[in-house]
Amino acid sequence: MTDRIVHMFDIVARQGHGSVWTVLFTGFVFGAVILYSRLDKFEKMAGFMLFEDTLVPRMAMTTVALSSLGFYILVQTGYASYSVKPVLLAGLITGAILFGIGLVILGKCPSAFFVSVSEGRIDALVGVLGGMVGGAVFTLFYPQIKNFMGPDLGKVQIFHYFEDHALLVVVIFSTILLITAYLLPTIEYKDPADFKKN
Amino acid sequence: MPRQIPWWVGGIAMSLLFYFSFSTFGANRPIGASTGMAYLATVLFGLDADSYAYTAEIEQSGAWEGVMLIGLFFGGLFMSIFVTKSFHLSLIPTLWKERKNRSVKSRMLWSFIAGFLLVFGARLAGGCNAGHILSGGSQLALSGVIFAVFALGTGVITGRFFYKKKVCKNDR
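So the sequence lines, in the order shown, correspond to chains A and B.
Position in the first sequence (from 1) plus 1054 gives the number in our numbering.
Position in the second sequence (from 1) plus 14 gives the number in our numbering.
Worth flagging that the hints you see were computed from the coordinates, not collected in a lab.
Keep in mind the model is a prediction, meaning the values are calculated, not measured.
Built from N, CA and C at the ideal position, the CB exists for glycine as well.
Some hints could be false.
[Unchecked claim] Below, a list of computed lysine-lysine pairs in the DSSO-like style, where the Cα atoms sit at most 27 Å apart:
#	chain 1	residue 1	chain 2	residue 2
1	B	LYS99	A	LYS1244
2	B	LYS114	A	LYS1244
3	B	LYS99	B	LYS178
4	B	LYS119	A	LYS1209
5	B	LYS119	A	LYS1244
[Claimed, not checked] Simulated restraints on C-beta separations:
#	chain 1	residue 1	chain 2	residue 2	range
6	B	VAL118	A	ILE1230	42 to 48 Å
7	B	GLU71	A	LEU1221	30 to 36 Å
8	B	GLY167	A	TYR1133	32 to 38 Å
9	B	LEU123	A	VAL1225	44 to 50 Å
Use the sequences and the hints to build the structure in full.
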């Protein structure tokens, strides 16, 4: 296993998507922002789907709104390129449904459960273990699963349908998200466990 | 230091990080997490790229996300120890106690099943909420929109059946 871990760092060092330190730094900041906004908490993620907390949708909408505009500018000025995931329809829909069930029961997503573990949450650690087994089972049965993932509708971006007005579409999309995030009511689940003396 | 930042500060901070990662100044790629999870699983269970097609397929982006997840863990640890000071061992979340039960065994069993579904589902869909909703949505990707609708819709429906109705707040 040690060989594989060394190999993992080796791949990253050679692939040209930032140095190993850049990638570790990106992860560090990502984890810090998730924890500081408390996105890792069960009460925030599951609470969102139980209508007991609105932090997650408001923060996610703000992020997507600002990022979509920024990404567009970065791509247009040549400082980035789009990397869009394809629509493999059956896999995408089935996967999203299983993911949604897991998300509301565990109350964390695949990045937040690591952050949750770093806060000392044992149930999140068990979730990570379940995730590891899930990843391994998928890898084992991938040759069979692959046959049912299609049809492949390609790497479509919404503004492809409005080619001459791409910027306008991005601005409208971003504005709608920002306004929605602002107008959503503040519902906050105050977890008594957070206010105990440490 | 405050123990939590408001949603809009979190949103701005997150998008600044996304600009960095997405642009040529940073990693020149969007952020994702579930490929990294699947990759770490292949490392843990010794499913190497020579014998398993999927490991070979995800090796490049999986390794990147695997290293990113290591950084993420330490980012969370640093904040929970030094800034929010919220680090403590805990077994069951408060809201779960309120809406489901107080049994440690039940929470652990469901956590395991849910973790399995999360990563298996994310791999089937080709990404999780970081890759599909945040990074995908930011690129106005159709896949991201479809994923968000089905994942969140299912989450809300499952939540209604899985958890009990809200009881009196004084029970906390």
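Here's how the hints hold up against the structure:
| no. | hint | in the structure |
| --- | --- | --- |
| 1 | B:LYS99 to A:LYS1244 | holds (17 Å) |
| 2 | B:LYS114 to A:LYS1244 | holds (18 Å) |
| 3 | B:LYS99 to B:LYS178 | violated (31 Å) |
| 4 | B:LYS119 to A:LYS1209 | violated (43 Å) |
| 5 | B:LYS119 to A:LYS1244 | holds (25 Å) |
| 6 | B:VAL118 to A:ILE1230: 42 to 48 Å | holds (43 Å) |
| 7 | B:GLU71 to A:LEU1221: 30 to 36 Å | holds (35 Å) |
| 8 | B:GLY167 to A:TYR1133: 32 to 38 Å | holds (36 Å) |
| 9 | B:LEU123 to A:VAL1225: 44 to 50 Å | holds (47 Å) |
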